[in-house]
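K.L.:
Each chain, letter by letter, is given below.
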Amino acid sequence: MLEVSNLACSRGDHRLFAGLSFALYPGQIMQVQGVNGSGKTSLLRTLCGFMMADEGEIRWEGENIQSLEEDYFADMLYLGHLNAIKDELSALENLRIAAGLSGRQLEEKDAIAALRRMGLKGRERLPTKVLSQGQRRRVALARLLVSDAKLWILDEPLTALDVGAVGLIQELIAEHLARSGMVIYTTHQPLQVDGVEMRSLSLS
Amino acid sequence: MKKSTMIDLLWVVTRRDLVLAMRRRADVLTTLIFFVMVVSLFPLGVGPEMDMLRKMAPGVLWVAALLSSMLSLGRLFSADHLDGTLEQMLLVPQSLSMLVLGKMIAHWMVAGLPLVLMAPVLGIQFDMSAEAIGVLILGLLLGTPILSMLGAIGAALTLGLRGGGVLLSLLVLPLCIPVLIFGTGAVDAVSSGLSVASHLSLLGAMLVLALVFTPWVTAQALRISME
Amino acid sequence: MAINWFKYSAPTTFYSLAGKLIPWFAVAAAALFAVGMYIGFYIAPVDYQQGEFYRIIFIHVPASILSMFLYLIMAGYAAMGLIFNTRLSAMMATAIAPTGALFAFISLWTGALWGKPMWGAWWVWDARLTSELILLFLYLGFIALHASIDDPRRADRASALLAIVGSVNVPIIYFSVKWWNTLHQGSTIKFSGTSMHVAMQQAMFIMLVACWLYAIAVILARVRSIILERERHTKWINELPEVKHVA
Numbered sequence: 050m051l052e053v054s055n056l057a058c059s060r061g062d063h064r065l066f067a068g069l070s071f072a073l074y075p076g077q078i079m080q081v082q083g084v085n086g087s088g089k090t091s092l093l094r095t096l097c098g099f100m101m102a103d104e105g106e107i108r109w110e111g112e113n114i115q116s117l118e119e120d121y122f123a124d125m126l127y128l129g130h131l132n133a134i135k136d137e138l139s140a141l142e143n144l145r146i147a148a149g150l151s152g153r154q155l156e157e158k159d160a161i162a163a164l165r166r167m168g169l170k171g172r173e174r175l176p177t178k179v180l181s182q183g184q185r186r187r188v189a190l191a192r193l194l195v196s197d198a199k200l201w202i203l204d205e206p207l208t209a210l211d212v213g214a215v216g217l218i219q220e221l222i223a224e225h226l227a228r229s230g231m232v233i234y235t236t237h238q239p240l241q242v243d244g245v246e247m248r249s250l251s252l253s
Numbered sequence: 002m003k004k005s006t007m008i009d010l011l012w013v014v015t016r017r018d019l020v021l022a023m024r025r026r027a028d029v030l031t032t033l034i035f036f037v038m039v040v041s042l043f044p045l046g047v048g049p050e051m052d053m054l055r056k057m058a059p060g061v062l063w064v065a066a067l068l069s070s071m072l073s074l075g076r077l078f079s080a081d082h083l084d085g086t087l088e089q090m091l092l093v094p095q096s097l098s099m100l101v102l103g104k105m106i107a108h109w110m111v112a113g114l115p116l117v118l119m120a121p122v123l124g125i126q127f128d129m130s131a132e133a134i135g136v137l138i139l140g141l142l143l144g145t146p147i148l149s150m151l152g153a154i155g156a157a158l159t160l161g162l163r164g165g166g167v168l169l170s171l172l173v174l175p176l177c178i179p180v181l182i183f184g185t186g187a188v189d190a191v192s193s194g195l196s197v198a199s200h201l202s203l204l205g206a207m208l209v210l211a212l213v214f215t216p217w218v219t220a221q222a223l224r225i226s227m228e
Numbered sequence: 098m099a100i101n102w103f104k105y106s107a108p109t110t111f112y113s114l115a116g117k118l119i120p121w122f123a124v125a126a127a128a129l130f131a132v133g134m135y136i137g138f139y140i141a142p143v144d145y146q147q148g149e150f151y152r153i154i155f156i157h158v159p160a161s162i163l164s165m166f167l168y169l170i171m172a173g174y175a176a177m178g179l180i181f182n183t184r185l186s187a188m189m190a191t192a193i194a195p196t197g198a199l200f201a202f203i204s205l206w207t208g209a210l211w212g213k214p215m216w217g218a219w220w221v222w223d224a225r226l227t228s229e230l231i232l233l234f235l236y237l238g239f240i241a242l243h244a245s246i247d248d249p250r251r252a253d254r255a256s257a258l259l260a261i262v263g264s265v266n267v268p269i270i271y272f273s274v275k276w277w278n279t280l281h282q283g284s285t286i287k288f289s290g291t292s293m294h295v296a297m298q299q300a301m302f303i304m305l306v307a308c309w310l311y312a313i314a315v316i317l318a319r320v321r322s323i324i325l326e327r328e329r330h331t332k333w334i335n336e337l338p339e340v341k342h343v344a
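Sequence lines, in order, name chains A, B and C. Mapping of the first sequence onto the numbering used here: residues 50 to 253, in sequence order. Mapping of the second sequence onto the numbering used here: residues 2 to 228, in sequence order. Mapping of the third sequence onto the numbering used here: residues 98 to 344, in sequence order.
Looking at chain A on its own, in the form it has when it is part of the complex (with noise of 0.2 Å):
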């Protein structure tokens, strides 16, 4: 369970958002809303613990994450505005050292079965700079089939997909919050998953 209480975030001298407080529980989907540079972004990157909160708190299965450090980064995911890949590296190479980075040794043919699943087919060994922008995402959101972590901070999985791809990460989605998992993001894209709640936090 991911809480956070009184939280308050600034950049510079500008104060983004303060008081913030809500709780996500297994099986709990949540979007962060809010008009551009009202500190979506700057919630994420915060609850992934990169920046640190002016005031308040936020817990973990009930401890602060600044306590557990590493152990909270074995049940979290994060994807960032930016791919992380590289694009000197096959798909098939980014996607299992993104991997090994996260603490988990995978095999080659379970690297292929998650690319093949993300429409990646016979495009595993190819660098991925001759790959689209569409297809990189897709090389990046892999990493969400290949992760057991139980936590999945995505800022903007959306960019960049089309159709097909979108309606694979709503299933992913869905299967990720019946093995009661917990996600929470922000889109400018409508998100749908059937028979769920979806939560939302919106920032002013």
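Since no wrong hints were added, every one of them can be taken at face value.
Distance condition first, Cα-Cα at most 20 Å in a straight line; then the derived EDC-like pairs of lysine to aspartate or glutamate: (1) A:Lys178 x A:Glu142; (2) C:Lys332 x A:Glu104; (3) C:Lys117 x C:Glu339; (4) C:Lys275 x B:Asp189; (5) A:Lys199 x A:Asp120; (6) C:Lys213 x C:Asp223; (7) A:Lys199 x A:Glu246; (8) A:Lys178 x B:Asp84; (9) A:Lys199 x A:Glu110; (10) C:Lys332 x A:Asp103; (11) C:Lys341 x C:Glu328; (12) A:Lys178 x B:Asp28; (13) A:Lys199 x B:Glu88; (14) C:Lys332 x A:Asp62; (15) A:Lys170 x A:Glu137.
To be clear, the hints were calculated from the coordinates, so they are not data collected in a lab. Nothing here was measured: the structure is a model prediction, and the numbers come from that model.
Assemble chains B and C onto chain A, guided by the hints.
P.N.:
Just chains B and C now, kept in the frame of chain A:
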């Protein structure tokens, strides 16, 4: 899927950086060519008298090694910073210090080791004796990893800053002075018939200290810079 | 009587406290400078080896001592700021750096002035002068790093880490430079007298205290302006009489 250990992480990161370096070979070669050029400029600048060149050789080679390793440090974290990989790296569940150590090792193998291998050829240009060249290489083997490790701290602190490269040198060069002194001192000692053991063991001690502390300090610096 | 020391670590209270202290330190520094100079230049006898030239030590030595201590104090404040996350400590570290660099520079400059009549060269690679030069580089690195980061929080924390790394390195650098110097048998500045005249000792001591007082006054003044700049959006700053008046 198997859970991986710290050593696995070290291996994954080092191999990844080496593979990346091999696919961008031009970058590696540029550093090496810079090293060779700087060293070769000295005789042109100070004249070809062999006695003087022989005396200057260790200092020239060490200073050139220092400068060329500064040159390649800018890329240590910046490429990963630009494409978002560094954010993922900060979230490693094993140990960020271990990951940083992996990057340091890869950096040394790509930017330090070639200089060490090139040094004998350049030493011959400066008419160094075989014995002196041997000590020079030993010193470089012990000293260049320290340069990579101290440099990593600077690279992490100056991440994403305007004029980061020059600033990086400004921060790191003063910290590298002891390495320079003991590295060149060892060659001077052997040339004048003294024992080199104390110089090399001091370099070794500094290497151990650097191995213990710099990965952790660099990890903290990365967290500060990524905030 | 229990004094709440933590109260003074808040920028609000520190600002007014520093404001009250600065004039005292400044006046005391000026007075002691005058006394120290007078003793140094008029009362202290001529050195039998170095003649009148030695008198520059009354500035050179205090400046060297200050430059080294200030670096350690700066690193100490930086470490406190990193560990306890106190805003004032980071501001203190930032405020100390320029004064420390200034003293390192004065030490080098006066060292060169002293070197010319002594060895006939403006610069000799003496172990202490060389270490002082490296110390100046370390100060400049700290100032440059702080200046090139826009976000004040990141600037404070990054340069604090650099100061700590530097302070760990200072002994190693000093030791290695000394080693290098003895190896190459360079010249070393040594004061001739084991029997330094009493007036010389007095002048040196008074100048040292004067330098400390000057440093404290200047650093406090600089911290005040850093507080004003950093906290300019807070309510208490805008209610200060000096700020209201200008606005």
